[in-house]
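Colleague: Letter by letter, the chains look like this.
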Amino acid sequence: MRISEFLSTTGVKLGVTLTDQNQAIDELIALHQSVGNLNDPAAFKAAILAREAKGSTAIGMGIAVPHGKSSAVKKAGLVAITCPAGVDYHSMDGMPTNLLFMIAAPEGAADTHLEVLSKLMTMLMDQSFCQKLVKASTPGEFLSIIDQKEAEKDAENEAKNNTSQRKSFKFLGVTACPTGIAHTYMAAEGLEKAAAESGISIKVETDGSGGVKNALTSAEIAEADCIILACDRNVEMARFDGKKVLNASTANAIHNPQELIQKALNGNIPVYHHTGGNTMKEDTNTSVGHTIYKHLMSGVSHMLPFVIGGGILVALAFLVDTICGYGATGGGNFGNCTPLASFLKNVGGTIMGLMVPVLAGYIAYSIADRPGLAVGFAGGLLAANGNALVTNFSVWGGSVDDSGAWSGLSQSLGGFSKFVANFGFANPNSGNTVSGFLGGIAAGFLAGYVVLLLQKLCSGMPKSMDGVKPMLIYPVVGIFIVGVIMCFILNPLIGLVNTGLSAMLTALSTAGMLALMGLILGAMMAIDMGGPINKAAYVFGTGALAQAAAMVAKGTPNSNPAVQACYIAMASIMVGGMVPPLGIALACKFFPKKFTEAERSTVVTNVVMACSFITEGAIPFAAADPLHVIPCTLVGAGVAGFLSALFKCTLMAPHGGIFVFATVGNPLMYIVSWLIGSAVTCFMLGMIKKDVDKM
Amino acid sequence: MVSKTVKVTNEQGMHMRPASVMSQTVTPFTSSVKVIFNGNTYDAKSVMMLMSACIKCGAEIEIQCDGPDENDALKAAVDLVESGLGD
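Protein sequences, first through last, are from chains A and B.
The opening residue of the first sequence carries number 1 in my numbering; numbering runs sequentially from there.
The opening residue of the second sequence carries number 1001 in my numbering; numbering runs sequentially from there.
If we strip away everything but chain A, and leave its shape as in the complex, we get:
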């Protein structure tokens, strides 16, 4: 379609003086009449006026395009008037109008009128073009200006269409979700299908739990027109520096892949510039909460296998000892009584020891990319082991007593050395400095942001130093900073918490408030699961067992209330520790919507761990969503501990779960307490925790 098909020299009148809108309309209709476009000028005018009544057709910038679709129109046509002095055509911008086009469309003329309008507008947007038209001195000149412009526009459009047809787009995709089991692959499939529908070649890399499949090569990245990231966690970004990167979530790729492909086709995608961190720009959801969730999930998903592998081996150790007949007599050595059990328990225990470092390491990795990994591991290791890793200083070494005074030192400590010795080294006064998984989360975030900060500080360094940064500066300076903060700030604080809690428990026990003590002990087991609170409770329990053993050795009968109190405390502790994994396993069954597929697949593992008193099974859940999960485990375990103490259940073994139930006094009510506590946790999770897809 060309404008000239509709507009002829007879339909153009230049340099007209118009007094008002009505006169302008009359002039334009007269032109249509003279060209022979109309059956009934009066009826057509009525249509035009009806249209103007709904809103002015003067679109501003001195242009008005009145138009009417009516049976009074014989054939579609266009006429034009210029009015250099301007006329008040009730324009939207209040300015006088000096260029008027009138479109006449017959009834049922499909989209002709829209096409003419659209084409006209494309040209009229060019202001110099409009001015040329107003200044045109003859209708012939007026038309040739339009012709010329139209030819220009058509050539432009054609060129555009050609390039988009000729050029075969090459897209790349990367999909990744926190657990890497289902969404990663569903998203990849969605992108591949949508691309095939649009006839575009795409290669999608899947970063799932089975490792990276279909990895993108650097040559492919160099050739790609656009890279579509459908990721809910961070992926290796440095390789995409300088490429157009479209950020989306796996949900986008699963539900609206076509939209992503279209966006990528539009080419209106910002070029990604790698700035060092692994953080993605223009995330679909950049809220602080979501960012934290993403980093946490990176840590949790890497930690999960350690918990499961280590936990099950430890459970097997208990099983072996039970089979060998040490269930009732193993006591503190239960799980270490026979060579095979001891082997399993040591391997499992060592692997579980990696849990917190891995959690911290991969949180830091998610924040700061590879340089964050080592620093995060270091922070996690210090959180998992406390300041016990800081062993004594050998040459000057002495020992420290309960009051914190050093003796036997070969040098007198002064100033800074004294500060370091008194504050950093695990002395009896500072309590247990293990901060467990909550400390590990803190360490991971700390490490990640320390490395990001270092990267920022080092960004001014010359390019020749680039190789030195990840190999020297980040690890050395990063680990030093994190080490100082962990050993001198976080861990001593944790020690204080521990000392305070122990004092409170001792006070409760001596006051004889056994049920309350049971409640608190149970709850404490399920807050940080291996951190200071849990440790304080557990150490109190084993301490109570030792105390009971000492009393019995001195001739106090086992039935003495003081001895019984010790056993009751231990029973509450173990039942409290057995609640979280079982409660979560139940919740996975009853409220599947609240958990990811990976989480749901741990049901059996968690039941086994619950039965073995391996509270750590709950850690991946608590770490992924601490604010919603911990209250549930806390209350459930507290209820179980309370009931167990209320029913005066006793336990003489420090560990072992159901394998040592033979040693439990009042075992039936003990099991009832455990099940009630777990049910409480399960139902609270169902109430409190959000659905996975809403996170």
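Simulated from the structure, these hints should not be mistaken for lab results.
All of these numbers come straight from a predicted model, not from anything done at the bench.
Ideal Cβ positions, reconstructed from N, Cα and C, are used throughout, including at glycine.
There may be inaccurate statements among the hints.
To be verified - No more than 25 Å apart at the CA atoms, straight line, and that leaves these computed lysine-lysine pairs for BS3-like: (1) B:Lys1056 / A:Lys74; (2) A:Lys149 / B:Lys1056; (3) A:Lys170 / A:Lys203; (4) A:Lys153 / B:Lys1056.
Said to hold, decoys possible - Facing chain B, from chain A, some residues (calculated, C-beta under 10 Å): (5) Met61; (6) Ser118; (7) Thr122.
Unchecked claim - Which stretches of chain A does chain B cover? Using the computed rule of at least three CB atoms under 8 Å from a CB of chain B, they are: (8) 51–57; (9) 258–272.
With chain A held as given, fit chain B onto it using these hints.
Modeller: Coordinates of chain B only, in the frame set by chain A:
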């Protein structure tokens, strides 16, 4: 940035009046409002841009808003298109 794809259902497409209604509806928002159609992006605050897009009945357009009140802007624009652009 938020966006949504909607179908233009009014019989005559994005002709002048719908375009001006659209532009008047979205201009008060601080956010930028764009219409993406046929691979091109048009400023929805400009009547001329909208008309030049030649969006016909049945066309699927993507409305994309970016700015502090993007959600409200998107809702207003989407509601307008879905209600037939005032036709």
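Colleague: Taking only the CA atoms, is the gap from A:Lys170 to A:Lys203 under or equal to 25 Å?
Modeller: holds, 8 Å
Colleague: Is B:Lys1056 close enough to A:Lys74, meaning Cα to Cα at most 25 Å?
Modeller: holds, 23 Å
Colleague: Could you grab the alpha-carbon distance between A:Lys153 and B:Lys1056 and see if it respects the 25 Å cut-off?
Modeller: Given that 25 Å is the threshold and the Cα spacing comes to 20 Å, the pair holds.
Colleague: Test coverage of the segment 51–57 of chain A by chain B using CB-CB distances below 8 Å; three residues minimum.
Modeller: holds (count 4)
Colleague: Against chain B, with CB atoms and a cut of 10 Å, does the hint on A:Met61 hold up?
Modeller: Check passed: Cβ of A:Met61 comes within 8 Å of chain B, closer than 10 Å.
Colleague: Against the 25 Å threshold, does the CA-CA distance of A:Lys149 and B:Lys1056 hold or violate the hint?
Modeller: holds, 24 Å
Colleague: Closer than 8 Å Cβ to Cβ for three or more residues is the test here. Does the segment 258–272 of chain A pass it with chain B?
Modeller: holds (count 5)
Colleague: Answer holds if the nearest beta-carbon of chain B is closer than 10 Å to that of A:Ser118; otherwise answer violated.
Modeller: Check passed: Cβ of A:Ser118 comes within 3 Å of chain B, closer than 10 Å.
Colleague: If you take the shortest Cβ to Cβ gap from A:Thr122 to chain B, is it below 10 Å?
Modeller: holds, 4 Å
The structure shown violates none of the earlier numbered hints.
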